[in-house]
Amino acid sequence: MSSTSMPETGTPSETTLRTRGRGFPVKALVIVVYLVFLLLPIYWLLTMALKTNQEILSTFNLFPDNPTLANFTVILTDPAWYMGYVNSTIYVVLNTLISVTVALPAAYAFSRYRFMGDKHLFFWLLTNRMAPPAVFALPFFQLYSSIGLFDTSLAVALAHCLFNVPLAVWILEGFMGGVPREIDETAYIDGYSFPRFFTRIFMPLIAPGIGVAAFFCFMFSWVELLLARTLTSVDAKPISATMTRTVSASGLDWGVLAAAGILTIIPGALVIYFVRNYIAKGFALGRV
Amino acid sequence: MLILENVGKRVGGEDHLSGVSLSLERGTLNNLLGPTLSGKTSLMRIMAGLDAPTSGRVLIDHRDVTGIGVRDRDVAMVYQQFINYPTLTVYENIASPLRVARLPREEIDRRVREAAELLRLAPMLERTPLHLSGGQQQRCALARALVKQADLVLLDEPLANLDYKLREELRVELPRIFAASGAILVYATTEPEEALLLGGNTATLHEGRITQCGPTLEVYRRPVDLRTARAFSDPPLNSLPVTKRGTGVQAPDGTSVAVGASLAGLPDGAYTLAFRPHLLGLDPSKAGPRVLSAQGRVSVAEITGSESFIHLEVLGQKWVSLTHGVTRAAPGADMTVHVDTDRCFVFDADDQLVVVPDHAEAA
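If you read the sequences in order, they're chains X and U. Residue numbers for the first sequence follow my numbering, beginning at 7 and rising by one. Residue numbers for the second sequence follow my numbering, beginning at 4 and rising by one.
Some clues are possibly wrong.
Unchecked claim - Okay, the calculated beta carbon distance ranges per label pair:
| hint | chain 1 | residue 1 | chain 2 | residue 2 | range |
| --- | --- | --- | --- | --- | --- |
| 1 | U | 75 | X | 273 | 56 to 62 Å |
| 2 | X | 33 | U | 334 | 51 to 57 Å |
| 3 | U | 354 | X | 119 | 37 to 43 Å |
| 4 | U | 57 | X | 115 | 22 to 28 Å |
| 5 | U | 126 | X | 137 | 44 to 50 Å |
| 6 | U | 328 | X | 202 | 56 to 62 Å |
| 7 | X | 204 | U | 321 | 48 to 54 Å |
| 8 | U | 126 | X | 127 | 37 to 43 Å |
| 9 | X | 126 | U | 116 | 49 to 55 Å |
| 10 | U | 302 | X | 33 | 18 to 24 Å |
| 11 | X | 40 | U | 134 | 37 to 43 Å |
| 12 | X | 119 | U | 167 | 36 to 42 Å |
Claimed, not checked - Derived coverage of chain X by chain U (criterion: at least 3 residues anywhere in the stretch with Cβ under 8 Å from a Cβ of chain U; other residues may be distant):
| hint | stretch |
| --- | --- |
| 13 | 133-146 |
| 14 | 182-189 |
Stated by the list, open to error - Selected chain X positions facing chain U (in silico; Cβ < 7 Å):
| hint | residue |
| --- | --- |
| 15 | 78 |
| 16 | 192 |
| 17 | 195 |
| 18 | 210 |
| 19 | 211 |
For the record, the hints were derived by calculation from the structure and aren't laboratory data. In this text, all values refer to a predicted model and were calculated from it rather than measured experimentally. Glycine included, every Cβ here is placed at the ideal spot set by N, Cα and C.
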């Protein structure tokens, strides 16, 4: 979209020289346009959340005529709504904890030891991420129903491990590969036992990696809809499921739905803030 | 006392070490000298217990420790890379082996401060290693090895990654620092000069085998074979394969060479004459009855200021002449070189030393 307005990448043409002389900020304009396009849907969601249903459906305006927090009040006072957030948070946190805890020793093994089929196993882990969740929805549903795990937060947390453990293993292995093996050996020479070395020396070293892995687990678990909805009914219903079930007799409750959307974005944004410096490395699975 | 008995290490069908037998006494400094990939690190890892040998035995004070892991041995090791715990302060880095050994707090503090004082780290105890210079990082690693007071201290090219100035500084300090501990000190290096400066004993390694082992100067002066002599010479040893027939001695290109009396008592056959670069003179006054003089062509001249290295092609061989001060030589120029044959090593067809030079200073 910005190909026409980026003359500054090539040789300084007449245009850039002129604009530079007049002080017209071409670069700034490009960025502003890009950000406007990027943020428009989010802005629209926000204004909807601050309008009444009647205003949303009747007029087209950039700013709410009478900004109201009534939609947010509905969500934060009605248990049917806010319990969705509580349930989601519970299984997301549970899943993040389980995934990272399980992935840490696995990643260490892949990073430090050579064993039969290690490369195949490592790749096979990643292929788990390539399978569509719908494939696993049915077996999980039947399995959890028969062992009484259906409609619990643990069910969703465990189901999400299917995607998140392999991802966390890959990310952590990448970060661990950046730690020289000699540090492990020096610790053994110093007399550290393995658990002590791992928790006192090694984990602080890959703390950014653990943060990034946790972030990705959090994010994928938070946005996953299909498994979370299939494996729950009432008690552990996640917010994403609540949001898709708001069609009432009076039609769609646009304002409340928008407010729920805003509240759903916030946790992710908060977590991103804490790992912002390492995100790029995380997207490269720690291999930068 | 550390004894290695016929130790071998095989990795993926390739021999990294074979038939290594060594005996190292307490309170001695032992150099492992050899080029890269000669097996120095493999040998050290076996000594430390990081790796188990595929054959042979390792004994410490007559106790077989072959299968015993590194955690249950009393060793300290310093790597070529500066290995510290990046998340801990320098103080905690040095204290780490003592903390694991659960020593009393005052004892740890006393020992850490002593070691820090010795390695001049006292002002940076509260910093983390990444905020130190390379030299200080390596000092920190050395302090950790020192503070443990281990029986066996392994230093794997500890100075190789340091710049010239720091290397000289630490090289002088190292033996002094560890001398008091009474440990078996093993020092791996690729540089003959370093082994000579450190003194002690030297074992030369070549392709996973010990070629010679003994007091450093002894190995330097009387290398048992050509490989040892080559490993123990920097700049590289000059050599000339010759054939002896009666009283005549010929170079490979057929030139008759005057090798004096060095080969006189030997049977006819193929020999190799070898001598160190500082014996290859360019001064015409060096010519004499027992001196081999030959025409050479200069290929490269390296001048460091106090020394000049002239690389020449002589009698079909690549030789280096080391002279003091600045010697100018244009590449391609012809020069006459002289070498006193009485001061050459002579190796037989199997590369074993058969003639040791007369003069002690020859080697």
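Tested hints:
Under the hint 56 to 62 Å, the C-beta atoms of residue 75 of chain U and residue 273 of chain X, about 48 Å apart, miss the expected range. Range check, residue 33 of chain X to residue 334 of chain U: Cβ separation about 54 Å, and the 51 to 57 Å hint holds. Evaluation of the 37 to 43 Å hint for residue 354 of chain U and residue 119 of chain X yields a pass: the beta carbon distance comes to about 42 Å. A beta carbon spacing of about 24 Å between residue 57 of chain U and residue 115 of chain X agrees with the range 22 to 28 Å that was offered as a hint.
Taking 44 to 50 Å as the suggested C-beta distance range, the pair residue 126 of chain U and residue 137 of chain X does not conform, at roughly 58 Å. Hint check: residue 328 of chain U to residue 202 of chain X, Cβ distance near 59 Å, so the stated range 56 to 62 Å holds. A hinted range of 48 to 54 Å for the beta carbons of residue 204 of chain X and residue 321 of chain U is consistent with their spacing of about 53 Å. Separated by about 49 Å at the C-beta atoms, residue 126 of chain U and residue 127 of chain X break the suggested range of 37 to 43 Å.
One distance hint, 49 to 55 Å for the beta-carbon pair residue 126 of chain X and residue 116 of chain U, holds here, with the actual separation near 52 Å. The hinted range of 18 to 24 Å is not satisfied by residue 302 of chain U and residue 33 of chain X, whose Cβ atoms lie roughly 56 Å apart. Distance hint for residue 40 of chain X and residue 134 of chain U: a CB-CB separation of about 39 Å, consistent with the stated range 37 to 43 Å. The hint said 36 to 42 Å for the Cβ distance between residue 119 of chain X and residue 167 of chain U, and at roughly 39 Å that hint holds.
As drawn, the stretch 133-146 of chain X meets chain U at 0 residues by the rule of a beta-carbon pair under 8 Å; below three, the given contact is violated. Using a Cβ-Cβ cut-off of 8 Å, 3 residues of the stretch 182-189 of chain X lie near chain U, which meets the minimum of three, so the contact claim holds. About 42 Å separates the beta-carbon of residue 78 of chain X from the nearest beta-carbon of chain U, more than 7 Å, and the hint is not met. Residue-level restraint check for residue 192 of chain X holds (minimum Cβ-Cβ distance to chain U is 5 Å; threshold 7 Å).
With a cut of 7 Å, the hint placing residue 195 of chain X at the interface with chain U holds, because the nearest CB-to-CB distance is about 5 Å. At about 4 Å, the closest approach between the beta carbon of residue 210 of chain X and any beta carbon in chain U falls short of 7 Å, and the interface hint on this residue holds. Proximity of residue 211 of chain X to chain U holds as hinted, the smallest CB-CB distance being about 6 Å (cut-off 7 Å).
Comparing the model with each earlier hint shows violations of hints 1, 5, 8, 10, 13, 15; every other hint is respected.
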